[in-house]
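Peer 1: In case you want the letters, here they are:
4 protein chains.
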Amino acid sequence: MDSPLKTIISLRVRYGETDQMGIVHHVNYLHYFEVARTELLRECGFSYKSIEEKGYLLVVTESQCRYLKPARYDDELRVETWLSLLGNVRIHFQYRILRGEEVLAKGYTKLGCISPERVPTAIPEELREKMKPYVEEPSS
Amino acid sequence: MDSPLKTIISLRVRYGETDQMGIVHHVNYLHYFEVARTELLRECGFSYKSIEEKGYLLVVTESQCRYLKPARYDDELRVETWLSLLGNVRIHFQYRILRGEEVLAKGYTKLGCISPERVPTAIPEELREKMKPYVEEPSS
Amino acid sequence: MDSPLKTIISLRVRYGETDQMGIVHHVNYLHYFEVARTELLRECGFSYKSIEEKGYLLVVTESQCRYLKPARYDDELRVETWLSLLGNVRIHFQYRILRGEEVLAKGYTKLGCISPERVPTAIPEELREKMKPYVEEPSS
Amino acid sequence: MDSPLKTIISLRVRYGETDQMGIVHHVNYLHYFEVARTELLRECGFSYKSIEEKGYLLVVTESQCRYLKPARYDDELRVETWLSLLGNVRIHFQYRILRGEEVLAKGYTKLGCISPERVPTAIPEELREKMKPYVEEPSS
Chain A
1 MDSPLKTIIS LRVRYGETDQ MGIVHHVNYL HYFEVARTEL LRECGFSYKS
51 IEEKGYLLVV TESQCRYLKP ARYDDELRVE TWLSLLGNVR IHFQYRILRG
101 EEVLAKGYTK LGCISPERVP TAIPEELREK MKPYVEEPSS
Chain B
1 MDSPLKTIIS LRVRYGETDQ MGIVHHVNYL HYFEVARTEL LRECGFSYKS
51 IEEKGYLLVV TESQCRYLKP ARYDDELRVE TWLSLLGNVR IHFQYRILRG
101 EEVLAKGYTK LGCISPERVP TAIPEELREK MKPYVEEPSS
Chain C
1 MDSPLKTIIS LRVRYGETDQ MGIVHHVNYL HYFEVARTEL LRECGFSYKS
51 IEEKGYLLVV TESQCRYLKP ARYDDELRVE TWLSLLGNVR IHFQYRILRG
101 EEVLAKGYTK LGCISPERVP TAIPEELREK MKPYVEEPSS
Chain D
1 MDSPLKTIIS LRVRYGETDQ MGIVHHVNYL HYFEVARTEL LRECGFSYKS
51 IEEKGYLLVV TESQCRYLKP ARYDDELRVE TWLSLLGNVR IHFQYRILRG
101 EEVLAKGYTK LGCISPERVP TAIPEELREK MKPYVEEPSS
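Protein chains in written order, with the working numbering: chain A, 1 to 140; chain B, 1 to 140; chain C, 1 to 140; chain D, 1 to 140.
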């Protein structure tokens, strides 16, 4: 079974992302996920900006994150993202956040495609095709 | 079976919490959860501030949120929180966010108690006692 | 000379608003200013939400803040706001942030009224009238 | 008169940094300033992280920003920073934010150096030396 394509981005922790525990405040991992998600779409040739300009929205319907080890100010982090489900209307993104070889966090977000009328709608076929290589096959 | 005690707080959505979809950006729900969690501890007579001053930390090890309906700028929201697990070291908080009678989001956070040496440690017994009425009995 | 009316709000510092210095990260004061500004408008009978719904925007064109003493997690803060200028198109809000009698920060924001076409436009007369008592007379 | 050295960074606007006006929420410019400031220090060979590890803090005592044109989601921005004052205890950073050749915002932050005892202290001489080329000469 082939591994899926993954989008990998780097980012550096900003001071304002820390809290008084001296570590990255946990909500910021969801911002990092979002940055990675944007880049996966760009790799597919569909900037999320252009998707919204065409009247579609990808809305987050569920998010989850497990915080394994703390990230700290000025750390260079790597965020990996790929898909675990590419449905007609729904997309599930998976994420891992690493510092070097250490996995700091794992999570997912579930998104739904909605039309300008704010009702669920099919993901444009052209976009779905481009995203297929990023889908992880379920292990059997 | 009795219902657990719940902490209920009100808050008003800030402008800076919206995004260009015209709704509350999804990460902010986790901030709202945190505000509610702080108040549950205060109701137990243990401000989280005083817990940290005694050298304990409650660190978030997992968060999840399901976004059912969007919250908007200036909405008055109600955040309810209670516990689904009160272990030796671990506490699981449950949350619901409502606008009037509409449930907008549901989620949980798992926290672990750690000592000043940054190793897992038992939740102080006095605090555990006060939190017990907030624990939801598993349905049988 | 009479003092202007002031809008006074209370808020409690959220954990996620601190940084690793153990104090409120400085950018959050601007969020507090915004919360206070929203309430001044509400006191005038014009929720900012309704202003946007009528097609007007009040956009921030300049912000300034002087940080005198640090605010900390769980502090109950008081934010005062009033106006130093109420022009045809421009409004200048002044702010003070206090903890008890201690002044922690002072600042201002300058805002401009713009129309749905995104050009500068006069502040609706009805709103201007209501805001006049909040204007601080220049000292002579 | 020579121009000062400037630190120039690039960053891309995150979705969560927008607000319901469809533009970058104004407080985020201060986060961008902070990212640029961190890089200026790194160029001087003193990561801000290492400065804090040695027990010094650089605390923001004043911030100002003028918002000239809106930045939008996914924009690639350039942030320039240099110094307008390098005192014994105080440093004033200047900033410009650009998209291509358009200047979107200008601002400054004033910082003071404080010791682990949280009292004002002289900026370490070695760091001051490295920062001197970044100081803009006052025009005469």
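Please note that the accuracy of each hint is not assured.
What the hints assert, rightly or not - Below are the DSS-like pairs computed for lysine-lysine, each with C-alpha atoms no more than 25 Å apart in a straight line:
{"no.": "1", "chain 1": "A", "residue 1": "Lys69", "chain 2": "D", "residue 2": "Lys106"}
{"no.": "2", "chain 1": "C", "residue 1": "Lys110", "chain 2": "D", "residue 2": "Lys54"}
{"no.": "3", "chain 1": "D", "residue 1": "Lys49", "chain 2": "D", "residue 2": "Lys110"}
{"no.": "4", "chain 1": "A", "residue 1": "Lys69", "chain 2": "B", "residue 2": "Lys54"}
{"no.": "5", "chain 1": "C", "residue 1": "Lys69", "chain 2": "B", "residue 2": "Lys49"}
{"no.": "6", "chain 1": "A", "residue 1": "Lys110", "chain 2": "B", "residue 2": "Lys49"}
{"no.": "7", "chain 1": "C", "residue 1": "Lys69", "chain 2": "D", "residue 2": "Lys69"}
{"no.": "8", "chain 1": "D", "residue 1": "Lys54", "chain 2": "C", "residue 2": "Lys54"}
{"no.": "9", "chain 1": "A", "residue 1": "Lys49", "chain 2": "B", "residue 2": "Lys69"}
{"no.": "10", "chain 1": "B", "residue 1": "Lys54", "chain 2": "A", "residue 2": "Lys106"}
{"no.": "11", "chain 1": "D", "residue 1": "Lys106", "chain 2": "C", "residue 2": "Lys110"}
{"no.": "12", "chain 1": "C", "residue 1": "Lys110", "chain 2": "D", "residue 2": "Lys69"}
{"no.": "13", "chain 1": "D", "residue 1": "Lys106", "chain 2": "C", "residue 2": "Lys106"}
{"no.": "14", "chain 1": "B", "residue 1": "Lys49", "chain 2": "A", "residue 2": "Lys106"}
{"no.": "15", "chain 1": "B", "residue 1": "Lys49", "chain 2": "A", "residue 2": "Lys69"}
{"no.": "16", "chain 1": "C", "residue 1": "Lys106", "chain 2": "D", "residue 2": "Lys110"}
{"no.": "17", "chain 1": "A", "residue 1": "Lys54", "chain 2": "B", "residue 2": "Lys49"}
{"no.": "18", "chain 1": "A", "residue 1": "Lys69", "chain 2": "B", "residue 2": "Lys110"}
{"no.": "19", "chain 1": "D", "residue 1": "Lys130", "chain 2": "C", "residue 2": "Lys69"}
{"no.": "20", "chain 1": "B", "residue 1": "Lys106", "chain 2": "A", "residue 2": "Lys110"}
{"no.": "21", "chain 1": "C", "residue 1": "Lys6", "chain 2": "C", "residue 2": "Lys49"}
{"no.": "22", "chain 1": "D", "residue 1": "Lys69", "chain 2": "A", "residue 2": "Lys49"}
{"no.": "23", "chain 1": "D", "residue 1": "Lys69", "chain 2": "C", "residue 2": "Lys49"}
Unchecked claim - If you anchor each label on the Cβ, the simulated ranges turn out as follows:
{"no.": "24", "chain 1": "B", "residue 1": "Glu125", "chain 2": "D", "residue 2": "Val89", "range": "29 to 35 Å"}
{"no.": "25", "chain 1": "D", "residue 1": "Pro133", "chain 2": "A", "residue 2": "Glu125", "range": "52 to 58 Å"}
{"no.": "26", "chain 1": "C", "residue 1": "Leu5", "chain 2": "A", "residue 2": "Gly100", "range": "39 to 45 Å"}
{"no.": "27", "chain 1": "C", "residue 1": "Pro133", "chain 2": "B", "residue 2": "Val59", "range": "29 to 35 Å"}
{"no.": "28", "chain 1": "B", "residue 1": "Ser3", "chain 2": "A", "residue 2": "Ala122", "range": "54 to 60 Å"}
{"no.": "29", "chain 1": "C", "residue 1": "Leu68", "chain 2": "B", "residue 2": "Val59", "range": "29 to 35 Å"}
{"no.": "30", "chain 1": "C", "residue 1": "Ser47", "chain 2": "D", "residue 2": "Gly22", "range": "17 to 23 Å"}
{"no.": "31", "chain 1": "D", "residue 1": "Pro138", "chain 2": "C", "residue 2": "Leu68", "range": "53 to 59 Å"}
What the hints assert, rightly or not - A short, non-exhaustive set of chain A residues, derived as facing chain B with CB atoms under 8 Å:
{"no.": "32", "residue": "Leu30"}
{"no.": "33", "residue": "His31"}
{"no.": "34", "residue": "Val35"}
{"no.": "35", "residue": "Tyr56"}
{"no.": "36", "residue": "Thr61"}
{"no.": "37", "residue": "Glu62"}
{"no.": "38", "residue": "Cys65"}
{"no.": "39", "residue": "Lys69"}
{"no.": "40", "residue": "Leu85"}
I should point out that these hints are in silico values taken from the structure, not numbers from a laboratory.
Just so you know, even glycine gets a beta-carbon here, dropped at the ideal spot from N, CA and C.
Peer 1: Hints first: check each against the structure and report whether it holds.
Peer 2: Evaluated hints:
1. A:Lys69 / D:Lys106: violated (37 Å)
2. C:Lys110 / D:Lys54: violated (39 Å)
3. D:Lys49 / D:Lys110: holds (19 Å)
4. A:Lys69 / B:Lys54: holds (23 Å)
5. C:Lys69 / B:Lys49: Roughly 19 Å separates the two Cα atoms, so the pair holds.
6. A:Lys110 / B:Lys49: violated (34 Å)
7. C:Lys69 / D:Lys69: violated (32 Å)
8. D:Lys54 / C:Lys54: violated (54 Å)
9. A:Lys49 / B:Lys69: The hint holds at about 23 Å.
10. B:Lys54 / A:Lys106: violated (31 Å)
11. D:Lys106 / C:Lys110: holds (14 Å)
12. C:Lys110 / D:Lys69: holds (14 Å)
13. D:Lys106 / C:Lys106: holds (20 Å)
14. B:Lys49 / A:Lys106: Violated, at roughly 28 Å.
15. B:Lys49 / A:Lys69: With Cα atoms ~23 Å apart, Lys49 (chain B) and Lys69 (chain A) stay inside 25 Å; holds.
16. C:Lys106 / D:Lys110: holds (14 Å)
17. A:Lys54 / B:Lys49: violated (48 Å)
18. A:Lys69 / B:Lys110: holds (14 Å)
19. D:Lys130 / C:Lys69: violated (29 Å)
20. B:Lys106 / A:Lys110: holds (14 Å)
21. C:Lys6 / C:Lys49: Distance of about 21 Å is within 25 Å: holds.
22. D:Lys69 / A:Lys49: holds (19 Å)
23. D:Lys69 / C:Lys49: holds (23 Å)
24. B:Glu125 / D:Val89: 29 to 35 Å: violated (48 Å)
25. D:Pro133 / A:Glu125: 52 to 58 Å: holds (56 Å)
26. C:Leu5 / A:Gly100: 39 to 45 Å: Given about 57 Å between the Cβ atoms, the range is violated.
27. C:Pro133 / B:Val59: 29 to 35 Å: violated (48 Å)
28. B:Ser3 / A:Ala122: 54 to 60 Å: Violated, at about 42 Å.
29. C:Leu68 / B:Val59: 29 to 35 Å: Holds, at about 32 Å.
30. C:Ser47 / D:Gly22: 17 to 23 Å: holds (20 Å)
31. D:Pro138 / C:Leu68: 53 to 59 Å: violated (27 Å)
32. Leu30: holds (4 Å)
33. His31: holds (6 Å)
34. Val35: violated (12 Å)
35. Tyr56: violated (12 Å)
36. Thr61: Check passed: Cβ of Thr61 (chain A) comes within 6 Å of chain B, closer than 8 Å.
37. Glu62: holds (5 Å)
38. Cys65: holds (5 Å)
39. Lys69: Because about 11 Å separates Lys69 (chain A) from the closest Cβ in chain B, which is outside the 8 Å limit, the hint is violated.
40. Leu85: With Cβ-Cβ at 16 Å, over 8 Å, it is violated.
Hint compliance for this structure: hints 1, 2, 6, 7, 8, 10, 14, 17, 19, 24, 26, 27, 28, 31, 34, 35, 39 and 40 are broken, all remaining hints hold.
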